[in-house]
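Order-wise, the sequence lines are chains A and B. Each residue of the first sequence is one higher than the one before, counting from 431 in my numbering. Each residue of the second sequence is one higher than the one before, counting from 328 in my numbering.
Calculated from the structure, these hints are not laboratory results. A portion of the hints provided could be inaccurate.
[Said to hold, decoys possible] Cβ pair distances, simulated, as ranges:
id, chain 1, residue 1, chain 2, residue 2, range
1, A, A517, B, I332, 39 to 49 Å
2, A, W522, B, A341, 36 to 46 Å
3, B, F494, A, V530, 11 to 21 Å
4, A, A517, B, W419, 22 to 32 Å
5, A, W522, B, L330, 53 to 63 Å
6, B, I332, A, V530, 45 to 55 Å
7, A, W522, B, E509, 22 to 32 Å
8, B, Q517, A, D531, 37 to 47 Å
9, B, E509, A, A517, 22 to 32 Å
10, A, V530, B, V384, 34 to 44 Å
11, A, A517, B, L375, 33 to 43 Å
12, B, H358, A, V530, 20 to 30 Å
[As the list claims (entries may be wrong)] Covered stretches of chain A (in silico footprint by chain B; criterion: 3 or more residues with CB under 8 Å from a CB of chain B, positions within the stretch not fixed):
id, stretch
13, 444-458
14, 467-477
15, 480-491
16, 519-525
By construction, the Cβ of each residue, glycine as well, lies at the ideal position given by its N, Cα and C atoms.
Spelled out from the first residue to the last, the chains are:
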Amino acid sequence: MTRAIPLEAVLVVAAALFCIGLFGALSRRNLVGVLMGVELMLNSVNINLVAFWRYLEPRFITGPTFAIFIITVAAAEAAVGLAMIIAIYRSWLTVNIDSVDSLKG
Amino acid sequence: MDLLIQIIFGLLSALIIGAAMMVVTVRNVIHAALWLIASFFGVAALYLTLEAEFIAVVQVLVYVGAISILVLFAIMLTRSSEGERLLTQHWWAAAIISLGLFGAVLLPTLVGHHWNLPLPTGPAGTPESLAGVEELGRGFVNEFLIQFEVAGILLTVALIGAIVIAFEERSRRRRVLTLSEEHILRQRQQATATAAQAALVTADAAD
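Could you put the whole structure together from the sequences, leaning on the hints where they help?
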């Protein structure tokens, strides 16, 4: 596996996924779409961690441990974020980010 | 064998990147969520090719099983009427930022950097010794005990917080119509509409 695919290939795939997720999080109008972009970014970071573990330190478990912690944080973030989206929808009756601007100066 | 792995890796990368592109560009939010599930599956398969089986299973369980269902439920509960525009006004700035980050920062760094990879030990063809689930479990109760506990507390707090944020008092709750009530309402609206039309027609005839 490590001979067939260079580390750079995996990292480039993860970087592309991160940039697509960043674009989605910054530009989608729907709040759920923004959250989906954030999930894509967290996924790309996880790919990086697992790849570095596999190529650099395959005998230690630090990489998978980090990946599992990030999955935990992503689950917590998704739960709280979607609860906030539902609360926002209840009071504003919309989930478009440019209509929810009452904190704007 | 190497060629097979490379082909599988190429297909998986195409699946991940293509599905992610569909997630950020497709108009229907439910379709975006389904493409997100496809992307998660691709990432899980990529973990399998990286020989991290446990992470792959966790990915399928947590991301595909829990988070995407949560996203789909949020979409269904918020009945989004997105309007005609899919992206925000300044989407081009976001595109420039992400394309610039990829093309100008990440790609040159990743390709230009010399990675100090350790050489495989032992005779060629023998499988490397990888840290597996057993070491992971031992790590969680020895080295990473504090972090493990903190993660547990984080999950509990997030669960309570999600319930508190999404909770609505009974007095403020809007009544949701059942299907039969909605049907009756629609029939009544149609009846009034046809009556109004009939009145209009008779008025026209009188003229």
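Now for the hints, and whether the structure bears them out:
1. A:A517 x B:I332: 39 to 49 Å: holds, 47 Å
2. A:W522 x B:A341: 36 to 46 Å: holds, 39 Å
3. B:F494 x A:V530: 11 to 21 Å: holds, 20 Å
4. A:A517 x B:W419: 22 to 32 Å: For A517 of chain A and W419 of chain B the Cβ distance comes to about 31 Å; the hint holds.
5. A:W522 x B:L330: 53 to 63 Å: Holds, at about 54 Å.
6. B:I332 x A:V530: 45 to 55 Å: holds, 47 Å
7. A:W522 x B:E509: 22 to 32 Å: holds, 23 Å
8. B:Q517 x A:D531: 37 to 47 Å: holds, 38 Å
9. B:E509 x A:A517: 22 to 32 Å: Given about 25 Å between the Cβ atoms, the range holds.
10. A:V530 x B:V384: 34 to 44 Å: At roughly 38 Å between Cβ atoms, V384 of chain B and V530 of chain A fall inside 34 to 44 Å, so the hint holds.
11. A:A517 x B:L375: 33 to 43 Å: For L375 of chain B against A517 of chain A, whose Cβ atoms are near 38 Å apart, the range 33 to 43 Å holds.
12. B:H358 x A:V530: 20 to 30 Å: With Cβ atoms ~23 Å apart, the hint holds.
13. 444-458: Satisfied; 13 residues make the cut.
14. 467-477: holds (count 6)
15. 480-491: Result for this restraint: holds, n = 10.
16. 519-525: Holds, because 4 residues of the stretch 519-525 of chain A bring their Cβ atoms closer than 8 Å to Cβ atoms of chain B.
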